[in-house]
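Engineer: Chain by chain, the residues:
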Amino acid sequence: MGILNIVTYIPLLGAVLILLFLPKENGKAIRYTATFVAVVDFIASLYLWFNFNPKGTGDGMWQFRFIHSWIPSLNVKYDFGIDGISLLLILLTTFMGIIAVVSSFAAIDHRQKEYYILLLLLQTGMIGTFCALDFFLFYVFWEIMLVPMYFIIGIWGGPRKLYAAIKFFLYTLSGSVVMLLSILALYFFNSDGIPFLNIKGLGNAATFSVLQYHKIGHLIPPTLQFWIFLGFFLGFAIKVPMFPFHTWLPDAHVEAPTAGSIILAAVLLKMGTYGFVRFALPILPDGTKQWLPWVVGLSIVGIIYGALVSLVQKDMKKLVAYSSVSHLGFVMLGMFALNPMGLKGSVIQMINHGISTGALFLLVGIIYERRHTRMIAEYGGLAKVMPVYATLFLIAALSSMGLPALNGFIGEFTILLGAANRSIVWASFASVGIVLGAAYLLWLYQRVFWGPLDNPANKNLLDVNKRELGLLLSLVVLMVWIGIKPAVFFDIIEEPVNYVVRKVDPTYFDQKPLAYPPAAPVAVTAVETAR
Amino acid sequence: MTWNDMIYLLPEVILTIGASVLLLVPVTGGRGAKLSAKWMMLILLAITAGSLIYCSHAVENIDQSRQLQAMFALDGFSIFFKLLFIGAIGLLVMLSEDFLAEGKYSPWEYYSLLGFALCGMMFMASGVHLITIYIGLELLSLSSYILAGFYKSELKSTEAAMKYFILGAVSSAILLYGISLIYGVCGSLNLLDISAAMSTIVTNDALMFGIMLLGAGLCFKIAAVPFHVWTPDVYEGAPTPIAAFLSTGSKAAAFAIFARIFYTGLHDFHMEWNYVLATISALSMIVGNLAAITQDNVKRMLGYSSIAHAGYVLLGVISLNALGLRGILMYSVVYVFANLGIWATVLMLRRHQYAGERVDDFEGLSKRSPLWAFAMIIFLLSLGGIPPTAGFIGKYFLFAAAVQAGFGWLAVIAVLMSAVSMFYYLRLVVAMYLREGVEAEFAITTPLKIVAGICLVATLALGIVPSSLIDQVVLSSSHVAARAALTPHAGR
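Chains A and B supply the protein sequences, listed in that same order.
FYI, our numbering numbers position 53 of the first sequence as 53, with every residue one higher than the one before it.
Position in the second sequence (from 1) plus 1000 gives the number in our numbering.
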């Protein structure tokens, strides 16, 4: 009974308990049970945090391994294990799980029992996805996540919930089924090969073990890597979502209930970026390099486009949704700099985006519960009636736009360093995105909180209550902690990031002594010789 | 024929006698009428299954005569499918109870026809000779024509039966013509002899023509595009349990002969037929899934979806490797369970004779009966191939087979179309869960609950712990797969 199983299945167990023992009329008991389960799960995941060894290298990097045979005839293993990257994402998931449950107390007033059951099921799916080190198992968890999220949007969503839910489901499903084909191609390459395409297999025992593919990835011929990467790319890029696959995101976010948006932004989007860093990059170094210009180009377009579209939004939630497209563009850019700096920034930014955007969605949800509108034009001068809310909103916005001493800065700065190390052009485009980010967030803040309090409906708005304050403060603490002491987090992901860089660019560390100064040209030549 | 051969045929003999007895019971007058047709049928099925299992062990020590060996095989492949058929018919008997309870139609005739249809299916599964296969197929088809028109007084049902009969008869003729051409060239109807003859033939137009006609006839039986037009009409018009029968048991039998003929008999010519079949498969998946999206009638939607599923199963035939054959077996099982579960749920919505027809009829099911609404979701996810349901495991095999056989483009179409299929499956979920439905009356009776329950457990269990089924499938298909692999086709 591995600790990872415990962390993964506590929410499932809680869901079953709620299903079996709590009557649906007793909303209060259901809410508190769900909260209790989420808290217990978080505490269990803290065990991982305290017992994790950041210095583990080689096979020791994968910790809390739990391997059990699942489908012997296909050699599918139930294989759980985490490295620093998964650890941070699991902690993010369990933490945001509490936020999601508690933030739903007032917002969800009908069909509560089903709602909390689905929320907990979703959490099991998400944690399982981050733990799985077997492609088959990974795919199962990956798909399982879709169903609860579909219902959360579809039942408790806004006016166009059916459209948004189906769009979400079909977009992500079509991406992931194509990914399945890539997994199959890997599978055959490792074992028998694909004789009809003149692809010779390695003749190894058939397996779905991710770590085995990490080992043999560089042996895959470049043409095959090109296609396999395309499959992975579609699966992950839709989830991220990268421009132009992002169109499901604004719909899903706008229609989803607050907790749905929080989970979606904080964790589900990270599935895509996690997929790249865990599978696509280390397994397919050649494919990565062949697709690199496209991915980077789309990331840059995403950064600028997301920010520009955010600027013109009239709906706060849509604004935050499009800002996710921009922020995730940063994450992708940093990752595809393919150097330790960029990758570290990318991973940290995944966490940061989860916290900051989660907080922003929570804040938008709070005001929506009071006024039942998210139109920016309806507001103005809120700082006068809701001072605490205004302060917290400001902190979240500053964190999201990357103000020093808050978490967003750490991520964006590291990404910029990594990107500049690769190409100063990338970094310039990215910094335009940062400026635009400051623009849309500050402009939003100005329109909502400053100016005259001229809408009578806003005059008697209540400030945040204790429950909301607690949630927001806990998020603010995290923002400040990562902002001031990022070294703790960087230490944890140091080894995994170097591991990925070694896989994707084996010559990188050989040439590193020259890194400074002048960093950029050397790194570029290094990559070009590697090609 | 020797007495020893009777052991091989024992299950079919018992079934034929039993089905004939069922037909005769009402003739005996008052005494027979007190018996329950349903229970007699179930007992008959149990005896058939028992004798099948007995025979499969007994024949290990008994030699088959040469004549029978050329016609009929009791191998792992056939036993696997026969047990599946018996199970499916058993579930169908449960499904039919309410429909027969209305009392307008004689249950004896109905069950007896089902018995004869099953007998035909069992011969199909065992047939290694085109005549055996053809006769089994005709026995199944003729019984199906009558069953499709079982609502004698209903115009729709009669129309469905007529359509089915006329198109079916034409397709049988085409099939027979194809068989005769193959016989003319190869000089035998036994699949192994055909295969041996083909290995010496480089190219032959008459043979090609024969294979194409045979393929066309078979494609009609599994309802693959462009031979699919009868499907939605017949499913819509036929009594719902019969639509369930046509889309599960009858279809699985057609998959079985498809696999047997192409894996054992025609594999040498695969370069000639596999692109034709690949096109048919792609068209079936595309047309079936896209047409299903526009349907408001659940029975028609399931009709189109079954066309699409025929396309998926064809992946297994086209790829012609061990994985593909396993895929066909796996998929037949998971498809039968998921589909029967859906039909059971459709029958629960029965408010009048043809109810459960419109997508709207599903509204409110989640309120009235959360368990069966949940079961319906699982069945739909299984048809859509979403883990952790059995459908994913089945599709996994088929897709993997296609990738391994180098049909990457077909696999891409297949996975994308299975994503499209979720669109119309989700329509039912939307109706059940996401719309606030009216409080409606449902006919959730015990037999339907039993069927849906069995299908639910099977669909989940085979999805989460599929190992035992996979092992069984590997074992059952190994003989046929090994035979296909005997003559490597890569050189051609």
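Calculated from the structure, these hints are not laboratory results.
Take the hints with a grain of salt, since some may be wrong.
Derived DSS-like pairs: lysine-lysine, alpha-carbon spacing no greater than 25 Å straight-line [what the hints assert, rightly or not]:
hint, chain 1, residue 1, chain 2, residue 2
1, A, K289, A, K384
2, A, K113, A, K314
3, B, K1367, A, K24
4, A, K314, A, K200
5, B, K1152, A, K28
6, B, K1449, A, K24
7, A, K113, B, K1367
FRET-style restraints, in silico, Cβ to Cβ [stated by the list, open to error]:
hint, chain 1, residue 1, chain 2, residue 2, range
8, A, I6, B, S1468, 26 to 36 Å
9, A, A487, B, S1478, 33 to 43 Å
10, B, D1296, A, A405, 52 to 62 Å
11, A, H372, B, M1162, 25 to 35 Å
12, A, I6, B, S1199, 39 to 49 Å
13, A, L13, B, S1153, 24 to 34 Å
14, B, S1468, A, A405, 54 to 64 Å
15, A, L202, B, I1464, 58 to 68 Å
16, A, I484, B, D1296, 57 to 67 Å
The beta-carbon is built from N, C-alpha and C at its ideal position, and this holds for glycine as well.
Engineer: Hint by hint, note whether the structure agrees.
Structural biologist: Against the structure, the hints come out as follows:
1. Of the pairs offered as hints, the one joining K289 (chain A) and K384 (chain A) is violated, with about 53 Å between alpha carbons and a cut-off of 25 Å exceeded.
2. A distance of roughly 34 Å separates the Cα atoms of K113 (chain A) and K314 (chain A); the hinted pair therefore is violated under the 25 Å criterion.
3. Straight-line distance between C-alpha atoms of K1367 (chain B) and K24 (chain A) comes to about 12 Å, which keeps the hinted pair within the 25 Å bound.
4. For the suggested pair K314 (chain A) and K200 (chain A), the alpha carbons sit about 56 Å apart, so the restraint of at most 25 Å is broken.
5. Proximity of K1152 (chain B) to K28 (chain A) is assessed by CA-CA distance (about 57 Å); at most 25 Å being required, the pair is judged violated.
6. A distance of roughly 24 Å separates the Cα atoms of K1449 (chain B) and K24 (chain A); the hinted pair therefore holds under the 25 Å criterion.
7. Proposed proximity of K113 (chain A) and K1367 (chain B) is supported: the alpha carbons are some 13 Å apart, at most 25 Å.
8. In this structure the supplied range 26 to 36 Å holds for I6 (chain A) paired with S1468 (chain B), their Cβ-Cβ distance being about 28 Å.
9. Under the hint 33 to 43 Å, the C-beta atoms of A487 (chain A) and S1478 (chain B), about 58 Å apart, miss the expected range.
10. In this structure the supplied range 52 to 62 Å holds for D1296 (chain B) paired with A405 (chain A), their Cβ-Cβ distance being about 59 Å.
11. Between H372 (chain A) and M1162 (chain B) the Cβ separation comes to about 58 Å, which falls outside the hinted range of 25 to 35 Å.
12. At about 59 Å, the beta-carbon gap between I6 (chain A) and S1199 (chain B) misses the expected band of 39 to 49 Å.
13. Distance hint for L13 (chain A) and S1153 (chain B): a CB-CB separation of about 55 Å, inconsistent with the stated range 24 to 34 Å.
14. Taking 54 to 64 Å as the suggested C-beta distance range, the pair S1468 (chain B) and A405 (chain A) conforms, at roughly 59 Å.
15. Restraint check, L202 (chain A) to I1464 (chain B): a C-beta distance of roughly 30 Å breaks the suggested window 58 to 68 Å.
16. Checked against the hint of 57 to 67 Å, the C-beta distance between I484 (chain A) and D1296 (chain B) comes to roughly 60 Å, which is consistent with it.
Hint check: violations occur at hints 1, 2, 4, 5, 9, 11, 12, 13 and 15; the rest are consistent with the structure.
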